[in-house]
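**Student:** The lines below spell out each chain.
Number of protein chains: 2
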Amino acid sequence: MSDQQSSPLRLGIAGLGTVGAGVVKIVRQKAALLEARSGRAVIVTAVSARNRDKDRGVPLTDYAWEDDPVALATRDDVDVFVELMGGSDGPAKAATEAALSAGKDVVTANKAMLAHHGQALAELAESKGAVLRFEAAVAGGIPIIKTLTESLAGNQIERVMGVMNGTCNYILTRMEDAGLSYDEAFAEADGLGYLEADPNLDVGGIDAGHKLSLIAAIAFGTQVNFDAVELEGIGRVTIEDIRQAADMDYRIKLLGVTRYTRRGLEQTMTPCLVPAASPLGQLQGGTNMVVVEGDQVGQIVLRGAGAGEGPTASAVMGDVMDIARGLRLTTFGQPATTLRAATPAKAAVSAPYYLRMALQDKPGALAKVATVLGEAGVSIDRMRQYSHEDASAPVLIVTHKTTRSALDHALAALPATGVMATDPVALRIEKV
Amino acid sequence: MSDQQSSPLRLGIAGLGTVGAGVVKIVRQKAALLEARSGRAVIVTAVSARNRDKDRGVPLTDYAWEDDPVALATRDDVDVFVELMGGSDGPAKAATEAALSAGKDVVTANKAMLAHHGQALAELAESKGAVLRFEAAVAGGIPIIKTLTESLAGNQIERVMGVMNGTCNYILTRMEDAGLSYDEAFAEADGLGYLEADPNLDVGGIDAGHKLSLIAAIAFGTQVNFDAVELEGIGRVTIEDIRQAADMDYRIKLLGVTRYTRRGLEQTMTPCLVPAASPLGQLQGGTNMVVVEGDQVGQIVLRGAGAGEGPTASAVMGDVMDIARGLRLTTFGQPATTLRAATPAKAAVSAPYYLRMALQDKPGALAKVATVLGEAGVSIDRMRQYSHEDASAPVLIVTHKTTRSALDHALAALPATGVMATDPVALRIEKV
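Protein sequences, first through last, are from chains Y and X.
Using our numbering, the first residue of the first sequence is number 1, and each one after it goes up by one.
Using our numbering, the first residue of the second sequence is number 1, and each one after it goes up by one.
Chain copies aren't distinguished; within one or between two, either way the pair holds.
Simulated crosslink set (DSSO-like; lysine-lysine; CA at most 30 Å straight-line): (1) Lys-431 <-> Lys-30; (2) Lys-401 <-> Lys-368; (3) Lys-54 <-> Lys-30; (4) Lys-368 <-> Lys-346.
Keep in mind that the hints were calculated from the coordinates and are not lab data.
Using the sequences and the hints given, assemble the complete structure.
**Tutor:** Here it is in structure tokens:
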């Protein structure tokens, strides 16, 4: 054991919301356990937050206070800068860069910052011999980053799928269980405080898309490319879609899927139909799940709380303890300078799709739709037209396997038929 | 990066069954991927097995051959001894000791060896500055050892549960799905080659008990104590038990449970009833699942293949890649000399129990049983007596929460009633 490893590991924590306060609590309350496991004391030396006077349920007077997180990040008595402020740019990024530039290790829960600047930050860390780790940024307490980076290092990863936004899964579950409309379920989640200040981060799939882009980088050795994530939120999913899906033994989930094929890197975060009896289909409420498929390991499923003080603080402490034990890993599983800039591939693998549309009540409307689909090369597995009271007729179609580009071709051609009463909703049926 | 880390990591593999051959294949076929991820080449230099002439589907002529695994383990051109022979003693133990004594790192899939000699081997490894890792020994491709040791290092672990013998789960699933008797399902599993040469390792719970004892050591910082695992196999579970459990929305699983309470360390590997709708209850067929509960993270569920060439080789390679990357961990998550010798506690936490018995067809038989239970402090939640054609009457009882010792007291007193036609079957109902 080196001298460095037997001296205390000193944390500087920026951001004292529930997760930051949770990390302080663990360090204070589990000092003996942490030292027994890592062979050295883990202590907090300095903290930073916007409001010094707020009661956070944990004593902070033992620690130096910095108003400026950049000043905190570069203190001589800080070995590891723990970034829990959030925000893709601004103080979080400035302080992370300052810490790494000073050769200090960084542990962060900031998915937005890494989704946008992960490549540059990883390169900076590695050029300085510093470690930048982020288990808490992806699926809370679920150890997906460590599993992908370390446990599965002998695998070619074939696909990673995940339900990684608990708020969306809660809304979809409530729509199904309680028969609520999307708006009602959204209002309920809002009332429970489940939504981000900008709800589109949740229901628009952005937050989950950030996470998926980080997973893809590790899984496939590619540079983080959040801008190439095909994003679609859950706002257009109706109770009717959920019922129709259930009728076919499927459930609708906001599902992230990433694959790397000869055509390039596919990253989609969209509502999908998954078999109701599969682990993903059975996942109810606010829990997260990540499914990894490797050429050796087969399918691994990881399930747990994706957010909250305890689970997120647990993940932060996992990274801190790795550093305390002297485990020094690259940010994305291989040196950042060796990560490939992958070509984005839109839904590279063909799949069946669920389509819902409303047609104007004209003779031959359905035939026109079928013709357009056929001309685009999209063949129909089943089709249902429902009885209706208003002027438009609801139609549900399940296609045979098709490429997303053929489907998009068909969807683009549908308006010219003159029979569409609304824009169609198209949801991929993911084989899981 | 040190000189040591940029030179190739040289493996010596003893045991060339499917897993050993699988490891050789991965090293040969994924050389570029492994080097990109670890920063150094990973190569095989020498191998050993009982039969040199057998075709293992992978070329071995590039490697030195040793008939004696001890000779292999101590070769100058071997950095990591990969022990895939199996057996708790004999050559596996001798070679592992030789490798560790020579300061070489060891990666093993040998649960029996570690369950019996884990403490001594870990102490030997740590005294020599060597690493002894064993992810592949527990639940195949599921990264439970890494998750417990590293990801959850900031948690006090409260309970770990697991279905960790795929053969038992296959037999129980087939009994339920196909209405097979235990003997029929056993014969089917045997025909498919699912059973160990000594089937009692599987159906007697020994193999799964080995795994549980290793998990407990890491979870609670205690010395491995396989002898204290309360073991009960699945041989007495009948189709009737499975149907009765299903009728109450439960499934029967060979479930490992370990907890550490003030009364001591509880380790049980017994058939239990778990809610059919829980992740454990939904686990069908040969798949494994481990559920970890930590005070911070809440409940984490890990699911995947528990055996087979690919999943087990994947886990071996995860450990090898950790070593290639310079991650050096203690065997059980803290120095072996600091692990506590825990007092074994028999089912320390109280639980409801499912009891099945057959009573002689005498007046007052049921009342006598109820009286014995009541005198032992075991109260009855529900009781059913079934119609029957033979001379004994099947009776099912679900108790309220009780301690195992109170229940054992009652079970010991039942024969004196003179009304028991068979020994009762008692299965714990585990809250999951």
